[in-house]
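*Asks:* Take the given structure of chain A and dock chain B to it, following the hints.
For the record, the sequence lines run as chains A and B.
Quick note: the first sequence uses the numbering used here, first residue 92, plus one each step.
Quick note: the second sequence uses the numbering used here, first residue 92, plus one each step.
Take the hints with a grain of salt, since some may be wrong.
Chain copies aren't distinguished; within one or between two, either way the pair holds.
For lysine-lysine, the following PhoX-like pairs were computed, each having C-alpha atoms within a straight-line distance of at most 20 Å [unchecked claim]: (1) Lys143 with Lys189; (2) Lys152 with Lys231; (3) Lys142 with Lys222; (4) Lys189 with Lys152.
Worth flagging that the hints you see were computed from the coordinates, not collected in a lab.
Number of protein chains: 2
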Amino acid sequence: MAEVKLFGASLSPFSRRVEMALKVKGVEYEYIEENLAEKSSLLLEYNPVHKKVPVLVHNRKPIVESLVILEYIDETWKQNPIMPEDPYDRATARFWAKFIDDKCLPAFWQALWSKENEREKAKEEACHHLKTLENELNAKGTKFFGGGTIGLVDIAANFFGYWLAILQEAAEMDFVTKEEFPVFFDWIDEFSSCSAIKESLPAKDKMLAVFQSRFKASTWKY
Amino acid sequence: MAEVKLFGASLSPFSRRVEMALKVKGVEYEYIEENLAEKSSLLLEYNPVHKKVPVLVHNRKPIVESLVILEYIDETWKQNPIMPEDPYDRATARFWAKFIDDKCLPAFWQALWSKENEREKAKEEACHHLKTLENELNAKGTKFFGGGTIGLVDIAANFFGYWLAILQEAAEMDFVTKEEFPVFFDWIDEFSSCSAIKESLPAKDKMLAVFQSRFKASTWKY
Numbered sequence: 092m093a094e095v096k097l098f099g100a101s102l103s104p105f106s107r108r109v110e111m112a113l114k115v116k117g118v119e120y121e122y123i124e125e126n127l128a129e130k131s132s133l134l135l136e137y138n139p140v141h142k143k144v145p146v147l148v149h150n151r152k153p154i155v156e157s158l159v160i161l162e163y164i165d166e167t168w169k170q171n172p173i174m175p176e177d178p179y180d181r182a183t184a185r186f187w188a189k190f191i192d193d194k195c196l197p198a199f200w201q202a203l204w205s206k207e208n209e210r211e212k213a214k215e216e217a218c219h220h221l222k223t224l225e226n227e228l229n230a231k232g233t234k235f236f237g238g239g240t241i242g243l244v245d246i247a248a249n250f251f252g253y254w255l256a257i258l259q260e261a262a263e264m265d266f267v268t269k270e271e272f273p274v275f276f277d278w279i280d281e282f283s284s285c286s287a288i289k290e291s292l293p294a295k296d297k298m299l300a301v302f303q304s305r306f307k308a309s310t311w312k313y
Numbered sequence: 092m093a094e095v096k097l098f099g100a101s102l103s104p105f106s107r108r109v110e111m112a113l114k115v116k117g118v119e120y121e122y123i124e125e126n127l128a129e130k131s132s133l134l135l136e137y138n139p140v141h142k143k144v145p146v147l148v149h150n151r152k153p154i155v156e157s158l159v160i161l162e163y164i165d166e167t168w169k170q171n172p173i174m175p176e177d178p179y180d181r182a183t184a185r186f187w188a189k190f191i192d193d194k195c196l197p198a199f200w201q202a203l204w205s206k207e208n209e210r211e212k213a214k215e216e217a218c219h220h221l222k223t224l225e226n227e228l229n230a231k232g233t234k235f236f237g238g239g240t241i242g243l244v245d246i247a248a249n250f251f252g253y254w255l256a257i258l259q260e261a262a263e264m265d266f267v268t269k270e271e272f273p274v275f276f277d278w279i280d281e282f283s284s285c286s287a288i289k290e291s292l293p294a295k296d297k298m299l300a301v302f303q304s305r306f307k308a309s310t311w312k313y
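Chain A on its own, in the form it takes in the complex (with noise of 0.2 Å):
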């Protein structure tokens, strides 16, 4: 058995940031792709909980939980941090991933996914915490969320680095625009361009085929 196994979902990003705190680091693992329609007995057994992607396995011990997971693997490899060296700027990390986790996620999900009349109010909000998560980034004025180089909120914000322009494709929405977001719009430039983010990220062209499908098989009207 490998040292490190990886059960994830391409088009999760929750294995995504995985992926990268593994990249980052140069760590090598397997990759085992999950059928999350017919999940396989390993993952059942691995994360009995919430039998869900992402499960780092890591000495034949599971971890899961991709925020747990992150700082596991900050913790066991040291090289090239993800995490801050200080108590309060670990803190302030930890503070913004739970924010992106808590709140932006579910409400970009609600914008995305809500029926026609509860869709503008979600968008609404969604940008509300979009903005915020921005004011911050603005107020560090470094290039990431980690200062220089990419950290724990940024690989926790990679829906909004990659994703999010897909899915806004995928259903013809436009409500998050650069001149809306400027700060925002050039860290996904920034973000996107790293080595380690590129080749955890599946190819543009199937995820807007897939996501263009589930659009239109959807009852709601997009």
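*Replies:* Chain B only, in chain A's frame:
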């Protein structure tokens, strides 16, 4: 200004988490009770994103989100660690603390505060999550989730160590019993007899009176 200040609310188990950690560490602090119906301008300044307690202010810098604060406290004051040293054990502790926040607490909130016709299902789900947590403690075979001393998960679980019994009494419910959760009830005894914990908990009679009146004022039947 004191070096360490805590903005909290006496009936918030999230605020109590921070007090417990500070007491375990022996860190002196000034406690400021917030009126949640009329939050202070300082609280809003320190936590503009969520506008919630608890907020820890250390050297004039605010830290928010209770689990983030606990890790900050552990990294800043090294004595009496509440996090394990080994990265895998650290990941495990973070996983269970997150499980408590994401699954257990919302489920118990539903079980206690939902309409009569939704209550049975909510109770079942809450007990299912609590059993998952109990199984983890049982498998560890230690006095506390933290091992021989209380750690992150014990502190995160303080709601179950103290509040739950009082809420059940106030609502005249008894769906979580010692017979069903023997390992968990042993943990409650150990947990609530630690001095750092006892000192951080609001008086039982005050809590009981507050919650009895809340349940009585509810439009749902208890």
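*Asks:* For each hint, tell me whether it holds in the structure or not.
*Replies:* Status of the hints after comparison with the structure:
no. : hint               : in the structure
1   : Lys143 with Lys189 : both (18 Å within a copy, 15 Å between copies)
2   : Lys152 with Lys231 : between (37 Å within a copy, 15 Å between copies)
3   : Lys142 with Lys222 : between (33 Å within a copy, 17 Å between copies)
4   : Lys189 with Lys152 : between (25 Å within a copy, 19 Å between copies)
The structure is consistent with each of the numbered hints, conforming to all of them.
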